[in-house]
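In order, the protein sequences belong to chains A and B. Per the working numbering, the very first residue in the first sequence carries number 18; after that it's consecutive. Per the working numbering, the very first residue in the second sequence carries number 118; after that it's consecutive.
No wet-lab data here; the hints were simulated from the structure. Certain hints may be false.
[Claimed, not checked] If you only want the chain A side, here are some residues facing chain B, beta carbon under 8 Å, derived: (1) Gln54; (2) Thr60; (3) Ser75; (4) Val81; (5) Trp82; (6) Met96; (7) Ala103; (8) Thr106; (9) Gly109; (10) Thr118.
[Said to hold, decoys possible] Some chain A residues judged to face chain B by a derived CB distance under 7 Å, without partners named: (11) Lys33; (12) Gly55; (13) Val97; (14) Arg116.
Please read all numbers here as calculations on a predicted model, not as lab measurements. For glycine and all other residues, C-beta sits at the position ideal for the given N, C-alpha and C.
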Amino acid sequence: MSAEAGQQHPLGIYYKIWTLLFFLSACSYAVDFFEVQGAWRWTLVILFMALKAGFIVSIFMHAVWERMALVFTILGPPMVLLLLIAFITIEGNYTSGTRYTYMGHDPNAEALGPSDLHGEEHGGAEEKH
Amino acid sequence: MSGTAVNEAGLHSGVPGLVDDWSADKQAYHVPWGKAMMWIFLVSDTFIFTCFLTGYLNVRLTTTQPWPPQSEIFALSFGGDPIPLILIAIMTFILITSSGTMALAVNMGYRKDKKKTFWFIAATAALGASFVGMQAFEWTKLIVDESVRPWGNPFGAPQFGSVFFMITGFHGLHVSAGVIYLLWVAFRVKRGYYDDKGYEIVEIAGLYWHFVDLVWVFIFALFYLL
């Protein structure tokens with residue numbers, strides 16, 4: 018493939034990635050459907066999300082076939098955002114900690130669901146409450 | 118950098134290629150300018166969506182009220198028991214399907230198969246439009262039936278509403294703009310407008326569309342599932 022020409026690849030790889038994206042989305046949905054909670058939920062959801070994002074960028078958006086100069090331009094700057102996410106997590110945990118300590122809110126308060134407000138015909142998962 | 122592999126355009130690959138490209142006097146990116154500009158735009162858009170998502174992270178971490186149960190709020194009943202998050206799952210599958218048809222459209226474009234390119238882009242746009250339609254339904258249900266407002270809701274943390282309307286609204290706007298963009302490109306393909314110019318434009322439009330799908334991957338995981 019010459020550098021100025023477009024991205025032309027066999028159709029097979031698109032079908033494979035397409036199927037894989039469907040499968041990974043089904044996995045993500047299954048995590049919610051089977052009510053996986055806690056650390057497993059976070060791990061699985063983030064893992065499936067990262068895999069899906071990776072396949073979309075690398076195959077559907079052709080990043081693996083681009084020259085390194087363009088790939089670094091695309092992926093380099095957003096890496097800084099990981100630092101932002103880390104800082105916000107640290108700061109956010111500190112803020113919520115001080116709020117619980119000094120403002121008297123209940124850290125174990127449960128949210129209401131649609132079934133609490135409209136009765137059973139509106140919301141599901143009664144056993145949660 | 119002599120001695121390393123050189124492709125048919127006379128360019129090195131890998132790290133030597135990176136050094137050559139970034140130190141080039143004339144051109145750093147050996148892609149059509151429209152594609153380079155689309156990528157730059159998408160990088161900037163990444164920052165915008167990350168601002169929203171990190172804002173969401175911040176309010177989610179710092180609010181002292183319980184976060185509303187998304188799984189139940191976005192449940193939908195088809196006659197029987199409500200199925201958790203089902204509408205969102207359908208929307209996710211629709212967007213992935215549209216990403217696939219867009220990838221095929223790009224491929225057919227480079228084969229100069231105008232008819233198939235047109236129909237694959239049109240299918241992508243139709244799927245995108247149905248996504249926006251479902252989102253309108255979801256918003257209506259949330260506003261009318263569940264009384265969710267940007268400043269409060271009956272379930273828990275009031276930030277839920279502002280985050281939801283801000284993030285899904287901005288994403289929906291991107292999908293809507295994408296549908297218009299795709300239809301515009303589709304009809305130009307059909308008219309043979311790109312026969313001489315080349316079909317890179319289909320790939321560039323595809324980049325935008327895949328990006329919209331990419332953003333949804335993050336919204337689906339971070340807002341709806343966690």
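Verification of the supplied hints:
{"no.": "1", "hint": "Gln54", "result": "violated (11 Å)"}
{"no.": "2", "hint": "Thr60", "result": "violated (11 Å)"}
{"no.": "3", "hint": "Ser75", "result": "violated (11 Å)"}
{"no.": "4", "hint": "Val81", "result": "violated (13 Å)"}
{"no.": "5", "hint": "Trp82", "result": "violated (11 Å)"}
{"no.": "6", "hint": "Met96", "result": "violated (11 Å)"}
{"no.": "7", "hint": "Ala103", "result": "violated (10 Å)"}
{"no.": "8", "hint": "Thr106", "result": "holds (7 Å)"}
{"no.": "9", "hint": "Gly109", "result": "holds (3 Å)"}
{"no.": "10", "hint": "Thr118", "result": "violated (10 Å)"}
{"no.": "11", "hint": "Lys33", "result": "violated (11 Å)"}
{"no.": "12", "hint": "Gly55", "result": "violated (11 Å)"}
{"no.": "13", "hint": "Val97", "result": "violated (9 Å)"}
{"no.": "14", "hint": "Arg116", "result": "holds (5 Å)"}
When held up to the earlier numbered hints, the structure conflicts with 1, 2, 3, 4, 5, 6, 7, 10, 11, 12, 13 and fits the remainder.
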